[in-house]
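So the protein lines, in turn, are chains E and B.
Plus 5 on top of the position in the first sequence (first one is 1) and you've got the working numbering.
Plus 12 on top of the position in the second sequence (first one is 1) and you've got the working numbering.
Watch out, some of these pointers could steer you wrong.
As the list claims (entries may be wrong) - Dumping the calculated DSS-like pairs for lysine-lysine here, alpha-carbon to alpha-carbon at most 27 Å: (1) E:K261 <-> E:K249; (2) B:K80 <-> E:K307; (3) E:K185 <-> E:K261; (4) B:K80 <-> E:K260; (5) E:K27 <-> E:K56; (6) E:K261 <-> B:K20; (7) E:K27 <-> B:K80; (8) B:K20 <-> E:K260; (9) B:K80 <-> E:K249; (10) B:K80 <-> B:K20; (11) B:K80 <-> E:K56; (12) B:K80 <-> E:K261; (13) B:K80 <-> E:K7.
What the hints assert, rightly or not - Label pairs and their in silico Cβ distance ranges: (14) B:I52 <-> E:E11: 18 to 26 Å; (15) B:I24 <-> E:F308: 31 to 39 Å; (16) B:E74 <-> E:P138: 48 to 56 Å; (17) E:E11 <-> B:I15: 18 to 26 Å.
To be verified - Computed list of chain E residues with no C-beta within reach of chain B, every gap over 12 Å: (18) R63; (19) K169; (20) E317; (21) A335; (22) N347.
Note that these hints are calculated values from the structure, not bench results.
By construction, the Cβ of each residue, glycine as well, lies at the ideal position given by its N, Cα and C atoms.
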Amino acid sequence: MKYIDEYRDPEIAGGLLAGIEKLSRQLARPVTIMEVCGSHTQAIGRYGIRKMLPDGIRLISGPGCPVCVTSVQDVDTALWLAAQPNVIFTTFGDMLRVPGTGSRSLQQLRAEGADIRVVASAADCIGLALENPQREIIFMGIGFETTSPTIAATVVTVQKKQLKNLTVFSVHKVIPPAIKALIDDPALQIDGFLCPGHVSIITGADAYRCITDAGLAAVITGFEPVDVLEGIYMLLRQLQEKEKEVVIQYGRGVKKEGNHKALELLEKVFIPSDARWRGLGVIPGSGLAFRDSFADFDALRKFTVPELASEEIKGCRCGDILRGIIEPPACPLFRKICTPNNPTGPCMVSSEGTCAAYYRYL
Amino acid sequence: MCIAFPGKIISIDNDNYAILDIGGTQREACLDIIDEQVGIGDYVICHAGFAIHKVDEQTAQEKLEFLKHLIDNEIY
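I would like the entire structure built from these sequences, with the hints used as guidance.
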């Protein structure tokens, strides 16, 4: 496949690895790099990159898997909404098995008879709303800046078509405030970040200024093995320099200024709000709520959700894993009780979850 | 979840939807979000049913040449 196969070239990967070893020797100190994005976590596991790197370089996984960071409270709210009469509840496939309070999931609710459907695109809900004019369609909008503009575009289309039976439960999150929270966390000592390539298509490079302002390295990186290795190589190079700036490894995908049209759509439909992240708690300005001009599409305004008594999963260390404090094998449930077929915590659910990647590839 | 794939545009309809060829598989993608002019034959990065970026072919090619040069001259 064009733009994929070339970036899996073993000769280039070998050359970059030799370069990483050389820079690591020159730096002569241990380096900790966080890959923010779940797709990076998966690529690093799948291509065995962690094991290839010299001993002094440690990769830790961050909070960049949207279903993993969805709070128990939000999962419980989704379960309540999906159980309402006359509702067709839709979401992306990864969300179905994420456990809420008492390990209840949308998948279980569906097995009990709720009408819960997986869609590949938010735009699929438009057809569903047109075909089912007597039913209420609720889409659980989840994802970072890569995904939220697709939901914003869908909502704008729904408004134009004057459809009244489609709302969105928005649990979208934005990445930079979470990175800032990690930088400020004294329990973490990170030298640099591999920044998420596909989020950056939308946000552009300036979104990560908080990293370089803190004197840390930042490289916007793609997802093929050559991309990840070059991202690490560029990050080590940056650690040798005094001045730090956000650099783009993933140049075929990311423009410095981002995608203006997508950013304008986000701005038009959503307003920043505080959001609760699993493991990180409430981070100010890290969520997206509907602007008043789009209030009709907000599921939380159309349906009055009662106070739900949410409880974290006992023994699950996903919160610490999402902050990079521990690696999955340090969780007592990992591989024993918690497996991809029977996940206890959210990081074992999605193939991009840190626990799932460790389970599959470690 | 931010998985996205490069695909080649093989047709565009009146509703601003394109059919993409992604490694031999055909997928539909909405062009409402992309902020550059695209046409048949262009490669776009597609996510959750939407094209989000036009691949910069020149940058992609230059990058591979740059990497080969870097490895030959500075690393080995």
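In rising order, the numbers of the hints this structure does not comply with: Hint 2 alone not satisfied by this model.
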